[in-house]
Amino acid sequence: MTASPILKIKGLRTEFRDDRKSWFPVVNDVDLNLCAGETLAIVGESGCGKSMLAHSILQLLPKRISRLAAGEILLNDKDLSKLSDDQMRRVRGNDISMIFQEPMTSLNPLMMVGKQIEESILEHEGCSKSEAKRRAVDLMDLVGIPEAATRARQYPFQLSGGMRQRIVIAIALACRPQALIADEPTTALDVTIQAQVLDLINTLKTDIGMGVILITHDLGVVAEWAQRVMVMYAGRKVEEADVETFFSGPSHPYSQALLASVPRPDAAIQDGVSMPLSEIPGTVPPMNQLGKGCSFADRCTRRTSVCDTSQPEMKTLPSGTRVACFHTGESE
Amino acid sequence: MTPKSVLQIRDLVKYHDTPRGCVHAVDHVDLELFEGETLGLVGESGCGKSTLGRTIIRLHEPTSGEIFFGDRDIATLTRAELKDVRRDLQIVFQDPFASLNPRRTIRQILAEPFSVHKVGKASERDQLVSNLITRVGLHPSFADRFPHELSGGQRQRIAIARAIALDPTTVVCDEPVSALDVSVQAQIINLLRKLQSEMGTAYVFISHDLSVIGYLADRIAVMYLGEIVEIAPKTTLWKEPLHPYTKALFSAIAIPEPPSVVRKNHVKITGDIPSPINPPTGCRFRTRCPFAMPKCAEIKPVLTDVGDGAKVACHLVNDV
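Residue numbers (our numbering), protein chains in the order written: chain A, 1 to 332; chain B, 333 to 652.
A couple of the hints might just be wrong.
Computed list of lysine-lysine pairs in DSS-like fashion (alpha-carbon distance at most 30 Å, straight line) [stated by the list, open to error]: (1) B:Lys579 with B:Lys643; (2) B:Lys643 with A:Lys205; (3) A:Lys205 with B:Lys600; (4) A:Lys8 with A:Lys315; (5) B:Lys571 with B:Lys600; (6) A:Lys315 with A:Lys115.
What the hints contain is simulated information worked out from the structure, not anything from laboratory work.
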């Protein structure tokens, strides 16, 4: 893709403060580029920092205990990290939007869903109320809600999970943002509904020409819906690749282990028996107890002494994959 | 060799009365579980799979129907008789945070099955608990910890340990890995398989995740709105799903393969699962089915044997 990125993140480091008032990173030295019309998936286990990254971009983290320690977040060359709260509020929902995992908690239960969509339009576009109302119904049509005009007067509890998530998407897209961050948008939904919602995001992406950051733990979803994938571990980016290369054979030991631990019914059927799944021993280390070496070293099968003492640099492989590991690119 | 059946469910019905009407959670279900096998029960949320799982071990009182476990009908047993049956019939729940008593140590939690069923002397129980903890892959020192000190995966190991404490012949696993990360999920799935090969336990494995079900199960039953619409050996179902709902479910599985090699012929279904309070007449799937015919609204398709141990309830298949 030759298009210049709409969202550029350079060296982002977000820190949290612990009980003893010392700061530790939850997002560490992350670079990211997002172009119009593409979907970038961010994957990793819980606690690896993917949601923290998303919240950092939109500056939704609590100021009292967190801070942006380094780096810049450039949305069309405007550095979001330098904006005031007021300025940032005008960016959120307008230039860049976010969809959260649980559609029930991200909607106001006491407000008709149509009104919630109108709110976003009124806030950012300053059009008349009747115009906003008309656009809200149009948006509900667009996200595939039948009888939109009637549904607009319903409350969230009257809608199914899939319908609620469509409302959330309608709100997020109300002002035709340039970038959309979808944080586990389908995790709470059933597979058939998941396919509908991801299909919808994909179609709208093309229509509006926005870039999508899709945060998920489901590698199947990544393979099917994303063009590029970024793997995070302990707050750092450990691998970034295009989807074709990644699923043909990921480079980082963590990515490899992650992919190998996904149950594969197709393989089980072909071979007649289900081989034991490969496990990743241990768990993601707590972010405030990271050593100075590679944070995956403890769970890694290729660990050597260098892994314990220094942080691997990001390097680019011939395939174009970017990976942070001392032991990739050696003999496989 | 015909495998011995351990559990036979006949015409099981579970309706919940609610202020808004009667919820048809499980509607005339027949099911058989064989010794040592894993029967996967799959369907979308609200299809009644968890209610079925819980009714099987009588955590819910069945509205009608029979649940034969061995030669006893669980549906009619008294509480005292049930206690006896539950030695052999256990359950593991989805949420390991909610299923373990937060105020008890792991030792107390795991000693309970032994004391309730008067297995071993009190003095031997510490040893039994240690053995149990080791069997699920943890260190015996975990005995003195509380659930909140454990990770999700470790807690689920403890919940599994409690279920297998008395070597049950059958365990109902209700979404046991759904709350876990994929790497931890792999550990728990491997553990369940290891225990099954050691003890020959039969599992009823309930999940909405087709990848997990497809990987683990020997046979798969697909549920929709309280009814079983298709049941077949895994391989048969995977290669040739017959019911349109099964086709849609299976084609919605996202496979982690490079886009260039993934076959994609999506059977798309639209809309949401209808309310189980007023399920559609005739075939319950007809409101979302791309192949619905007028007949589907009038006549309810029955689960019919189509050979190879497969049964399907669909006019499209059954009429041919």
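Here is how each hint holds up against the structure:
no.: 1; hint: B:Lys579 with B:Lys643; verdict: 14 Å, holds
no.: 2; hint: B:Lys643 with A:Lys205; verdict: 42 Å, violated
no.: 3; hint: A:Lys205 with B:Lys600; verdict: 20 Å, holds
no.: 4; hint: A:Lys8 with A:Lys315; verdict: 19 Å, holds
no.: 5; hint: B:Lys571 with B:Lys600; verdict: 18 Å, holds
no.: 6; hint: A:Lys315 with A:Lys115; verdict: 49 Å, violated
Violated hints, in rising order: 2 and 6; the structure is consistent with all others.
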